[in-house]
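Going down the list, the protein sequences come from chains L and E. The opening position of the first sequence corresponds to residue 36 in the numbering used here, with each subsequent residue numbered one higher. The opening position of the second sequence corresponds to residue 103 in the numbering used here, with each subsequent residue numbered one higher.
If you're looking for bench data, these hints aren't it; they were derived computationally from the structure. Values in this document were obtained by computation on a predicted structure and should not be read as measured data. Every residue gets a Cβ at the ideal spot worked out from N, C-alpha and C, and that includes glycine.
Straight-line Cα separation of at most 20 Å, DMTMM-like style, residue types lysine to aspartate or glutamate; simulated pairs:
id, chain 1, residue 1, chain 2, residue 2
1, E, Lys190, L, Glu120
2, L, Lys161, L, Glu131
3, E, Lys125, L, Glu131
In silico contact screen, one side only, chain L against chain E (beta carbon under 8 Å); selected entries:
id, residue
4, Leu88
5, Ala108
6, Pro118
7, Phe126
8, Gly141
9, Gln181
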Amino acid sequence: MSAISFQQVEKVYAGGVRALDGVSFDVQPGEFFGLLGPNGAGKTSLISILAGLARATRGKVAVMGHDVVDDYAAARRSLGIVPQELVFDPFFSVRETLRIQSGYFGVRQNDAWIDELLASLGLADKADANMRQLSGGMKRRVLVAQALVHRPPVIVLDEPTAGVDVELRQTLWQFIARLNRAGHTVLLTTHYLEEAEALCQRIAMLKQGRVVALQRTSDLLAGTATTMLRFKTDHALPAALAERARVTGRFAQVSARDAADVESVLAQLREAGVPVEDLEIGRSDLEDVFLDIMTAEATR
Amino acid sequence: MSARLVLSGARPLFRKEVLRFWKVAFQTVAAPVLTAVMYLLIFGHVLENRVHVYDNVGYTQFLIPGLVMMSVLQNAFANSSSSLIQSKITGNLVFLLVTPLSPAAWFLAYVGAAIVRGLVVGLGVMLVTAWFAPPGLAALPWILAFGLLGAAMMGTLGLIAGLWAEKFDQLAAFQNFIIMPMTFLSGVFYSVHSLPPVWHLVSRLNPFFYMIDGFRHGFFGVSDVSPWLSLAVVGTSFVAVAALALALLRSGYKLRH
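Isolated chain E (complex conformation):
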């Protein structure tokens, strides 16, 4: 199937997925922005004068890119996973299953819409939190690269979780026992250099750490590891999860019996 056909097939589903979250933007955009601001106010206020991470970078300033990226990641995951599980459970996925859309079109549409929601929420968090402590802007390409790649990876993981889960509590378990711990242990609130050696090592095995660290590098020009290493890890992880998601879609896993 040609790329043009795949793209033209993906477009209506992408549009529908974006429209779906935009119709309930208070819940899907405004609420996560407020949550991130609450984190900033509480952690920033308590830890501003107690934690030193990088020279010339205050803790609140340090925290903002991490919170932005955390919001991008969590909302990208939530978009594809919740849309799929809702359609499966309510039964309206049948309208999609009977169409000629290819597995690649499904993938592009679900992941594309997840990226849009992740970036819209991330931008919202950035605009609101920058008022408290404007972060730097050392290298915009790194910010864009990690923002896009991180959202794509989490949108893809959301797609896999949505395909796998048969009930809302299975999806909640995926989110609470895998995504949340990996997000919180990725260095959103601290530099991994401040961790004991064992946890430092564990963090290095967490792909989410590289997303946050690379994203933060774009703001401050400094990071715990080289942004090129982070890009390689995140890029490789994305290719792996994308291949898995496409294989599941092609096989009709839990979709076509």
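Bound-form chain L, shown alone:
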């Protein structure tokens, strides 16, 4: 049984916008899985359907074998969602918020676990503070605690580190990694690709509502593994190189298949009289893979 199963999921919104177009993949129990894609790719629509916040136009979605529509109560008990938006109820303290959320899932006398969550997320001294008094980072921690308060086997983190400081990122990832080691399945969406590369065992990439890549992270990196030449220059690249380079301001990256190709790139730069600074040669990372896949899809 998969921890999460998406089968031919389609979502067409009222205005006719097709957000998801036949998405299918499974996440295995205990897996740390990354769901990546540019803005508007359909990640949030997919997670909304998983959480019961939206309904699929077609297709089936299940959590721990429970259909999210026909058996919604069991599916939602198995799922903890950390939403993307920084939302909170201004009437309550942190502890009250967690007790209330616990009650919604039928978990009573949950203070021992709530205390553990507060301590693990660095919130112990804020337990009795009103939600309005917390900083953005602290509110984000409470969102994580709320998602975990009923000890769900499957945890979904929808861009949990957007706009948060380094300290919280470290605390959060240490805690989530610990939960993952304890057997919890984690589905992560993020725009920080270095986080996905470091944490996720498998990755699915979405573009325009379709899965355009679904592989183990190591295979994704190996499959498109290339040598990357990174350098700075104030000059325009020769046309043959410009086609295959990614240029951001003064910073340019050119992929090379092998050592001979590296020599060829350097020769072209030399022949064109393009001076370069801070030349580095390294391996492609997930960001390179991501951009390659997205660019390839765009040109199809």
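Once you have looked at the hints, place chain E on chain L.
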């Protein structure tokens, strides 16, 4: 889903909804009690010797049950509607949407908490205004029946309005253009027998009139129409709005896209 499961699911949400209004009781309980007392002081003082409604019942005395019921109705509506719209607009409704709570549990919790707030405010108005002119107590069961049923009906209407509204001004329009006129034209301040025939007929089509009239019957033992007729009208209206609210919750109307 069994009734026990629905009730156990509704309990934490009900508790949270009661806690929500109780934390700001100055605004949600004390303020409406003061408003009702102001109505009593002004209308009672001006009209005490000018308006005769029932034999042996002074105007101030007549006014009190109407004001109590008006407070019950308005506050029951305000509780469920304002809680829902605030949660929708601030986005924290997501914490509820991701839970296994059934539509029936949502309904029981929101309407239950609305009844509690309506009755707490009503009791507050009663305690304060009774000092001015103690009303009678002809039949307690009618008072309880119409108090509960009226609060439940308005809590349910508040739930429907909260689901429908996407902005605060839409909710304000629902309140100002539907709830307020129906409340004021229900006989809170007068007997419908004193109205011209056309307005008398219009009042008879207003379910709020039956809530007030039946409630008042419990105090004085007299009313404009039979309390049994009022009970039938209010009961039927409640069943209709409750069915609509449950259907909207089951369909995920404006909640799940």
